[in-house]
Structure formats: structure tokens, C-alpha cells
Amino acid sequence: MNGDTGVIHVVEKDQDLNWVLADGPHPPYMVLLEGELFTRCRELMLRLKGTSRVSGLAVAISKPSPPRGFSPGLQCPNDGFGTGVYDSDYGPQYAHCNWTVWNPLGNGLSYEDFHFPIFLLEDANETQVIKQVQCYQDHNLPRNGSGPEYPLCAMQLFAHMHAVTNTVTCMRRNSIQSTFSLSPGVEVVCDPLSDSNVWSTLKPINASRKMDPADEVVIVATRVQIDSHSFFWNVAPGAESAVSSFVAHLAAAEALHKVPDALTLPRNIMFTFFQGVQETFDYIGSSRMVYDMERNKFPVRLENIHSFLELSQVQVALRNSSALWVHTDPVSGRNESVRPQVQVRALVETLLNSSLGVNVTLQEVSQSQPLPPSSFQRFLRARPIPGAVLADHRAAFQNRYRYYQSVYDTAENILMRYPEGLSPEETLDYVTDTAQVQSLAEVATVVARALYQLAGGTGNTSAIQADPRTVQVSRMLYGFLIKTNNSWFQSIIKQDLKGLLGTGDEPPQHYIAVSYPVNTTQLVQFVLANLTGTVVNFTKEECLNPERAPGADKEVQMYDYTWVQGSREPNSTSRVPFCVQSTVHLTKALSPAFELKEWGSTEYSTWTESRWKDIRARIFLVASKELEV
Amino acid sequence: GGFALLPFLWLVNVLWFCREAFLAPAYTEQPQIKSYVQRSAVGLLFWVVVLTTWVTIFQTHRARWGELGDYLSFTIPLGIP
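Line order of the protein sequences matches chains Y and U. The numbering of the first sequence is the numbering used here, which starts it at 105 and goes up by one. The numbering of the second sequence is the numbering used here, which starts it at 129 and goes up by one.
Among the hints, a few may not be true.
Cross-link-like lysine to any residue pairs, in silico, SDA-like; alpha carbons within 25 Å at most [unchecked claim]:
#	chain 1	residue 1	chain 2	residue 2
1	Y	K701	U	D198
2	Y	K717	U	P205
3	Y	K153	U	L206
Don't read these hints as lab results, they were simulated from the structure.
Throw the hints in and build the complete structure from the sequences for me.
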């Protein structure tokens, strides 16, 4: 409550740490750590954790990004409690990364319990203030061989968290306080992580009724969807990890909607954007969707799923070779009596065929290799479904994924650079450095063609091209990574959600939060509606109440109508709004464990986030020990 | 009052009537008052022992008791186990 105070000490090399841990005469210390030490050395962090002489930590982010890579995630993501598909009953040799370690650079820092606050100093000027200007240099450095004397420069970090121990404890306390306390709601200490899943279908379906059991659906999912996770709160750009794959997915969805016989395909295609998946917290979004499907709360049932395609990390142009790898599940692939075996082969064949004529090569990984962490695993856990995961890594994430789940995973990381001197409009429309944008568009083409064939399409697939001039992909990458508040995004959102885009120039963060839905979720929803929906000639009242529109029949139940604010008229500040008809829906993605009140569940994700009041920091001079209360 | 076994009532008894019972010059009712004060003091001592023991145990062990500790608490402190 009162923050943690300590005398500042700058640690730039390993030897400085001894002062903090043993020699310094004025514990506790507030350590100002160079970013390089933070990223290079997990033992250093553990030593800080183990001592009581440290009352807090401020990390100065190192620019440029550390070349060797840094990942505070786990080496085996999403392995906890067998929430993936591989456990002792199903493919035990693949469980717990026995076969392949997916994130070898992971040092697991994000999952350690630190008893002091850790702040990130992003601005180099702030670090200079602490180090030079009237603070550390002037007061805290030892002079003439003797130790530093009072007054000393100290820092106080306020980051008091209300919840403790574990989810079971804090959820129990929530329920006790709300039932027995005089003012319920005030004493809630933690909230479950939740957001929404975005899904849309190629052929419209009636979302309030269940699908006919004979109908089949091909699901394409982006697992690394809209959320990311880094060590520091709300700093999670997730460029390589998350954004590339859902941008490719959006481009593929757009391409498929343009195919002339899209509405007459034998099977439907469902474009799903999961939230809270994988890297982050034990498959929150996909486990919820599977749960809803099993309990018939979702229009599509598990029996309707014909096959499953997932796009994992697909930023191919950064690699030396433009190859995408197709991962399949070895256990279901091997089981001859079960339907999937033949269909998995057919699925892989379709995928490989779709890449002919495109500049991306698809290759299959060894059939004995397990699936990488992906939301497909949650679906497999419920039912043997033929499916594949497309990723740009063959085995471990390796150099490809050097900044997995860390603060360094930014736009520079994927080499997006624009020439100087462009106005925001021009930057939006500028088709950037062709290689990676082109490759994303090509990946989208491959996916679109494969989906078309999987859905039973018989036409010529070479006519299907995703974003041939790569305009949309560039714009999406610009909007999601660099500047959300651009004119295209402004024109496709609802008017009352203008605040969604932020005001400044900062790139969007994709952190998963507890409020529902988070910015990026809604943005993806609007972008998907814009790319795959059609403009209909309704007035505002008709758009908001489509049942009353003239000429409307029961068809309106199949669509979602959004009144968007439109683009600005030239030379004026007013906008021309219009109505968009699309098949985009949002469903809540809250872990089933909280619906079932099984807070200690090992079957579903049980992650919660603590509440807090104030997060701030200040530096000041401390006169003497006696005056510290 | 005594039937209700009230610790603070007994405390007040002891403190207020102490002078009357022990230090004032003798009078006929004094032995009775003295015995009441003594019995109140005994009761008070008993309560002090019981309450001190319980408070000490609760404060030190509440976190370890987990669920039981939470159900026994009226307000649960934030940020500590």
C-alpha cells in the first residue's frame, strides 16, 4: 500500500550486483538494471528474487533489441496441467515437450513470483534523469574510497496488488466478500482473464439456431490471434508472434469472399480468431469455444467440423527460405481405425497442392513430430478431427522467434520500414518493403486456395489470389503495428467507439485484459466486417434494427449489421456513414473453469489478474535512516 | 451482569470498586464487595488468557489455514496471504 522504497543503485555489470547483495551499507536497494543484463541472465533475476536486500527493480530497455533474442515465456508453452492435447493418455511421449522443445530461448521469467515491483523504463531520458541528473551520480556513488553517505537518492515504486497466493484463494475471497460483506463489489481482489472470440462464416448461418448435423464446416483459426503477453503489463506489441498470422488470415477471408461460387460450396468455412490462446494463458478462447460447442451453446457443433486448419507464426520472408511447414498430429494420424487418418492425409495433400504456382513452398514436417502449441490441440482433445497447423518453424521456434512474448517483438522486429517524409495518409497506403508483405499475401493465397478445396469447391483455384497488389496487407500491418489511429480504421468503426483507436502515435498493444472486449478484438471485428461484408442501403434506424427494414425477411437473422462512421468527405470534417452487412460475430471467451466455478481446475485455464489501485513511481532524496518511518 | 460473563464488565468492576473493596475503611458490606471484586478479577484474568491465546494463534496461523481462515475473517487484508 505504501509502496516499496529503496536506495537506488545502478547495476551495469555483474560486479555491481555484489554491492546490492552483500556489500552495500544501506539496504534495501532499488536496482536500476541495464536491459542487457535483464535479458541475458536469468540467474541474476533469481538472485535478486532470493534476497531481502532488494525492494524493487527498474529495467532500462536496451535499444536496439538484444541480438541473441529474449523470451520470458516458458520453454514449453502451454504445457501446464495438460491443457494441450498430449498427456498421459494421448501421446505421452509428446507431452511436456519430451519430443521437441518449442521455445528454447524461453527462460520462464514471466512465471516466477517476484515479491517486489519491477518497472520498465522505456524512455532513455528517464533513465538519464535517474542516473545522472542530481540523483545517482551526485549522491549514491562511493567517493574517495568510502561508502556513500546520506542524503541518498531513493526511489519508491507503488504497485500494490490486491490478490495473493493463487486463483483458488482469490476467487474464494471474492465470493466470500461479495456474499457476506456490507459493500459487495468493493472487495473484489481479482478478475478472471477474459475477452472475446471473433468468428465469421463464409456462407451466412443463423446464429441463434444450431446447425444441421449433416452440414459440415471447415474451420480456419488463427491461434496467435489478438493477444500477446510480455513480462511487463500493457507492453505487448506482439508483432512477429501475433499480428502476421491474423493479417494473413484476414486477407485469406477477403479473398474467399470474392470467389464467385462461395455461397454454393458444399461445406461452409468458419474464420475464427481466438483470444487468450496458447502463448498466453492456457488456451482460454479455444477451450471456451469447444466447451460451448459441446454444450450446444454455439451454432456449430463438434460433429459439424469437417477439418481444421490453423495458422501459426507465418512470417516467412524473414527466414532464409520461404517455406511453410505443415504440422499434423502423429497420434491421430497413425490410428488407422479412426476416420482422421485418411482425412489428415487428404488435408495435407490439398495444402501441398495449393502452394503450386505461388512463391511459398509448403513442406510437411516429420509425421512423428507432435503438434506445436496451438488451439487445434483443444479441439483434438475433445474429438479426433483431421487438422493441420501451418507454421514457419520446422521444430523449435529458434532464431525465427527470438523475441517471443517479449517487449522487443515490435514492428522493427519484422523489418517494417517506411521512407522518411511521408504523410500519415501516404504511409497508410504505402506498400512497404515488398518481401514480407508479399509473402504474407502469398501465404493468404495458399490458405484461401486450400480452404476452397477443403470446402468442396471444384473450380479453378489459380484464380483465387489474396490481395494481389498487397494493398490491404500493408494497410493492416500499418494499422495494427504502427499507428492505429489512421484514416482507414477510423472509417470502419462505429462512431461511439472512436476512443478505441487511441489518440497518439503509439503502436497498439495487444495485451489480454479483463475488460471485454479489448481494443484489438473489436478492431479485428471491424476489419473483418469491412473486408468480408457488403454495404447495404439501409438508413441508420434500419441498420440498428434490421428486422424493421423494408424488404427484410428472415434473412436478416443470419447477418450482423453495423453502422460505421465512414470516411471523411473531402474538405470537410463530417463523415459519410453507412451500413455494413456481415457474418461477423463475437462470443465471450471466458475460461469454462469460471463458469463451472472450478477454480482449481486442471482441465481448463484458471488464470486471473489481480486488481490494483495505483501504479506510479517517484524518486527523492532520503536524509537519514532515522527519518524513515 | 455476571451471568452474561462479560469481560469488560468485570474489568470495570475490578477497576472501579478496587478502592472501595480494599483500601477504604471497613464497613459491613465490604467483605461482600471484596468477594465480588475478587471473582471479577479471576474472571477477567481467565478472559485475558483465552483472548490473548486465540488472537495470537489466529494472527499467526490464519494464512496457513487457507479456506478456514478466510471464512473466519471479517475483513481479509489485501495483498498479503
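Inset, instruction - Could you grab the alpha-carbon distance between Y:K701 and U:D198 and see if it respects the 25 Å cut-off? - result: At roughly 18 Å apart (the allowed maximum being 25 Å), U:D198 and Y:K701 satisfy the hint.
Legend entry - Hint consistency between Y:K153 and U:L206 [alpha-carbon to alpha-carbon, up to 25 Å]: At roughly 22 Å apart (the allowed maximum being 25 Å), U:L206 and Y:K153 satisfy the hint.
Inset, instruction - Please work out if Y:K717 and U:P205 have their alpha carbons no farther apart than 25 Å. - result: Distance ~14 Å between Y:K717 and U:P205 Cα, so the pair holds.
Violated hints for the displayed structure: none, as all numbered hints are satisfied.
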